[in-house]
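Student: Heads up: the protein sequence lines correspond to chains A and B, in order. Residue numbering for the first sequence follows our numbering, starting at 167 and increasing by one per position. Residue numbering for the second sequence follows our numbering, starting at 4 and increasing by one per position.
Just so you know, the hints here were simulated from the structure itself, not pulled from any lab data. Keep in mind it's a predicted model, so treat the numbers as computed, not measured. Heads up, a few of these hints could be off.
[As the list claims (entries may be wrong)] Per label pair, the in silico range of CB-to-CB distance: (1) A:SER384 with B:ASP57: 28 to 38 Å; (2) B:ALA37 with A:ALA407: 54 to 64 Å; (3) B:GLU137 with A:ILE342: 21 to 31 Å.
[Said to hold, decoys possible] Covered stretches of chain A (chain B as the covering partner; in silico rule of three or more C-beta atoms under 8 Å from a C-beta of chain B): (4) 205-212; (5) 262-268; (6) 279-292; (7) 322-329; (8) 393-404; (9) 424-434.
[Claimed, not checked] Just some of the chain A residues that point at chain B, by a computed CB distance under 8 Å: (10) TRP199; (11) GLU201; (12) TRP202; (13) ALA275; (14) VAL297; (15) VAL300; (16) ALA301; (17) LEU346.
Heads up, the beta-carbon is just placed ideally off N, CA and C, and yes, glycines get one too.
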Amino acid sequence: MQASSPSLNPQLQTGHLRSSAPGIKPARGGAGWIEWLPVIAGLLVLYIPTFYDLATTLWQQDDYAHGPIILAVIVWLIWQQREALAAVPVNTAPLPGFGLLVFGVLLYAVGRSQDIIMFEVGALAPVLAGVLLVARGREGLRALWFPLLFIVFLVPLPGFFVDALTMPLKQNVSVIAEQLLYMAGYPIARNGVVLTIGQYQLLVADACSGLNTMFSLSALGLLYLHLMRYPSWLHNGLILASILPIAFCANIVRVMILVLVTYHFGDAAGQGFLHNFSGMALFVIALLILFGFDALLRLAGGFFRRGRQT
Amino acid sequence: MKSVNRRLLIAALVMFAGAGLALAMKPTQKIADAREKPVLDTMVPQQIGEWKVDPTIIPIALSPDVQALLDKLYNQVLGRTYVNPAGRRIMLSIAYGGDQSDSMRVHQPEVCYTAQGFEVSDEVAGTLLTRYGELPVRRLMALQGNRNEPITYWIMVGDKATLPGLKQKFAQLRYGLTGKVPDGFLVRISSIDRDRQAAYQLQEEFIKSMLDAMSEKNRARISGRFGA
Chain A
167 MQASSPSLNP QLQTGHLRSS APGIKPARGG AGWIEWLPVI AGLLVLYIPT
217 FYDLATTLWQ QDDYAHGPII LAVIVWLIWQ QREALAAVPV NTAPLPGFGL
267 LVFGVLLYAV GRSQDIIMFE VGALAPVLAG VLLVARGREG LRALWFPLLF
317 IVFLVPLPGF FVDALTMPLK QNVSVIAEQL LYMAGYPIAR NGVVLTIGQY
367 QLLVADACSG LNTMFSLSAL GLLYLHLMRY PSWLHNGLIL ASILPIAFCA
417 NIVRVMILVL VTYHFGDAAG QGFLHNFSGM ALFVIALLIL FGFDALLRLA
467 GGFFRRGRQT
Chain B
4 MKSVNRRLLI AALVMFAGAG LALAMKPTQK IADAREKPVL DTMVPQQIGE
54 WKVDPTIIPI ALSPDVQALL DKLYNQVLGR TYVNPAGRRI MLSIAYGGDQ
104 SDSMRVHQPE VCYTAQGFEV SDEVAGTLLT RYGELPVRRL MALQGNRNEP
154 ITYWIMVGDK ATLPGLKQKF AQLRYGLTGK VPDGFLVRIS SIDRDRQAAY
204 QLQEEFIKSM LDAMSEKNRA RISGRFGA
């Protein structure tokens with residue numbers, strides 16, 4: 167979090183204020199926020215019901231527990247950019263702005279009334295983008311591009327998408343876990359997604375597909391890259407490309423650990439506290455691998471640069 | 004500055020209008036209220052061609068807690084086993100939901116069987132050609148230990164036969180955008196058989212006989228109005 171405070175990081179400051187051309191005064195810094203009040207009220211009217219509904223239904227499921235955190239991150243990211251936004255010269259683009267806003271609002275109305283949560287939540291992006299264009303034009307949009315992009319992670323994955331990916335993921339996880347444990351000498355056999363080890367039979371459930379870990383880790387990885395602001399595209403690209411494989415491998419480790427815990431300590435241990443804990447542990451492990459990979463890349467980058475200088 | 008303020012005010016009004024529009028577009032008119040309430044027990048005859056009801060076996064049902072929850076939402080479930088002179092058995096299960104078709108999801112074999120420890124696999128979407136028209140069906144396998152249970156099923160959204168997923172959502176939207184809440188059925192046919200192709204074949208014959216044995220009105224309710 168510290169890295170994002172403009173006063174601590176000069177490189178970041180130029181990033182923040184990049185859009186303010188010299189000589190143009192910010193739009194009356196202090197009192198400026200009053201002009202935003204109407205649209206803030208509008209946003210609250212649109213989205214308090216939506217997020218209330220989510221908080222009482224979907225977000226209560228383990229699979230979507232990351233929802234409120236993503237929302238908080240988006241609000242925080244926008245708040246972080248408040249000065250950058252205030253520094254943007256008033257140069258509006260009302261036509262595309264209102265076009266986008268009306269499109270977003272219609273998408274919202276259809277989504278909310280017809281229970282298409284993807285439309286309802288996803289509409290937040292065009293609504294916000296439209297407001298920014300109306301108020302500050304393209305420069306305003308540029309100041310908040312990242313939080314707008316991050317709205318993607320707020321949208322609950324559509325059912326058909328989850329259904330299409332869950333089964334193949336489960337299948338692969340089961341096969342690889344079985345192969346590895348078999349090679350390690352354990353008495354393990356597999357039938358579909360049912361693993362039999364010793365006297366125990368374990369079903370690799372939907373939650374074990376790791377799909378949600380992939381989703382949350384992608385969000386977190388992207389946020390991390392945004393906050394670190396690496397200048398190298400290669401570095402950013404490699405980290406991005408590594409997120410999904412890391413989540414996949416971490417999930418295999420998790421399933422194997424659960425199988426081994428059940429085998430050595432019994433069914434109760436495998437299904438009880440450890441089962442819930444393993445979900446969290448999985449996430450932390452995946453995150454550590456990601457950070458480790460990042461450190462490795464930085465190290466490699468350092469060597470490479472030094473090598474070229476000599 | 005003035006004009007920006009005014010524009011943001013207009014933007015806020017657009018948003019308020021959107022919130023109002025969403026409320027106005029919310030479907031409220033249940034088509035279940037406007038039509039006769041189905042009685043599942045009498046909709047499907049006890050005798051279908053050469054098939055007779057076998058009272059000794061009842062198909063997989065929902066767990067009691069889920070069932071209790073559903074009974075509140077004026078829903079109905081029918082579970083029956085039919086047997087033919089050759090001694091082959093077919094299990095028929097029909098679920099009806101008067102409103103919010105989403106609650107029908109618990110009856111979907113993928114959900115219902117999995118919840119009872121079955122492993123569900125090999126889902127294939129297909130069509131079943133009846134003399135009344137084409138019926139979209141999904142076929143899948145449910146496995147538990149030695150029990151191999153091939154399943155054929157489809158769902159109804161209002162008057163339209165469809166399959167769960169995007170198509171179901173589109174069918175719901177056709178009602179929803181005109182302010183109507185469709186009712187829904189789920190029709191599931193299964194048998195215990197290791198030879199799945201033979202089982203699907205038998206199920207197909209059973210479905211055709213069942214549609215033949217039903218009154219035109221009831222047939223339309225569980226298989227749709229073809230060509231309409």
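Student: Does each hint fit the structure? Answer for all of them.
Tutor: Structure-based check of each hint:
1. A:SER384 with B:ASP57: 28 to 38 Å: 52 Å, violated
2. B:ALA37 with A:ALA407: 54 to 64 Å: 55 Å, holds
3. B:GLU137 with A:ILE342: 21 to 31 Å: Taking Cβ atoms as reference, B:GLU137 and A:ILE342 lie about 41 Å apart, which means the hint is violated.
4. 205-212: holds (count 6)
5. 262-268: With 4 residues closer than 8 Å to chain B, the segment 262-268 of chain A meets the three-residue bar; holds.
6. 279-292: Per the Cβ count (4), the hint holds.
7. 322-329: holds (count 3)
8. 393-404: violated (count 0)
9. 424-434: Violated - the segment 424-434 of chain A has 0 residues with a Cβ nearer than 8 Å to chain B, which falls short of three.
10. TRP199: Not OK, violated: A:TRP199 not within 8 Å of chain B, min 12 Å.
11. GLU201: 5 Å, holds
12. TRP202: 7 Å, holds
13. ALA275: Check passed: Cβ of A:ALA275 comes within 4 Å of chain B, closer than 8 Å.
14. VAL297: 5 Å, holds
15. VAL300: 5 Å, holds
16. ALA301: Interface hint status for A:ALA301: holds (6 Å vs cutoff 8 Å).
17. LEU346: Hint violated; A:LEU346 Cβ to chain B Cβ min 22 Å, cut 8 Å.
When each numbered hint is compared with the structure, violations occur for hints 1, 3, 8, 9, 10, 17.
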